[in-house]
Amino acid sequence: AQKVTQAQTEISVVEKEDVTLDCVYETRDTTYYLFWYKQPPSGELVFLIRRNSFDEQNEISGRYSWNFQKSTSSFNFTITASQVVDSAVYFCALSEADSGYALNFGKGTSLLVTP
Amino acid sequence: KAGVTQTPRYLIKTRGQQVTLSCSPISGHRSVSWYQQTPGQGLQFLFEYFSETQRNKGNFPGRFSGRQFSNSRSEMNVSTLELGDSALYLCASRVSGVSYNEQFFGPGTRLTVL
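These protein sequences, in sequence, are chains A and B.
FYI, in my numbering the residues of the first sequence are 1 to 115.
FYI, in my numbering the residues of the second sequence are 116 to 229.
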């Protein structure tokens, strides 16, 4: 069963629009970690953020913000004022004891930002 | 600090052959993990090595194996290649075996099996 669901396969926005990428996860562990990675066309996965299950504070980093809600098992990612350079595939991942803390990735959301 | 490096970047093999991929982690990182990325299955965990020992293994057949050396460099081997092994193989390193450490990925090795 898919433990991390990224329902949006592809999103296309025009530059300067805000966009939210959804991530829903499933776990029985009380201690777990959530991650977002960006994969540009070059292929390398770039780490964006880590959140642990004890910390539900939202995080903002420049144009990026993350909304973690345990009640809905969601860890959504918002890009404000999107730019062409944001075009990439974004992956949400879960790390939990049940899988030996390996990263369990969602299928990814392909974001295209056009000028 | 140099990032994770992987060699070779591209590889073409034929069915039945074997292949060895190499990964050098970030200096000071002792944990190395391998992932396979395909269009159909997405990103899947292969295995993790820490201090030269395999600490965790994903759900892949025994044709996929790996090892880690004392300098933390790791190699991954796939024997008796199948067409379905065509994929981007990503290596990731992290500082230690602590569960919450984020993993940093290399550029990957793109393997094509003909």
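Since the hints were derived computationally from the structure, they do not count as laboratory data.
Misleading hints may appear alongside valid ones.
Said to hold, decoys possible - Here's a subset of chain B near chain A, in silico, CB distances under 10 Å, partners left out:
1. VAL119
2. GLN159
3. GLU167
4. ARG170
5. GLY173
6. LEU205
7. ASN216
8. PRO222
9. ARG225
Just so you know, even glycine gets a beta-carbon here, dropped at the ideal spot from N, CA and C.
(request) Go through the numbered hints given earlier and state which of them the structure violates, listing their numbers in rising order. (result) 3
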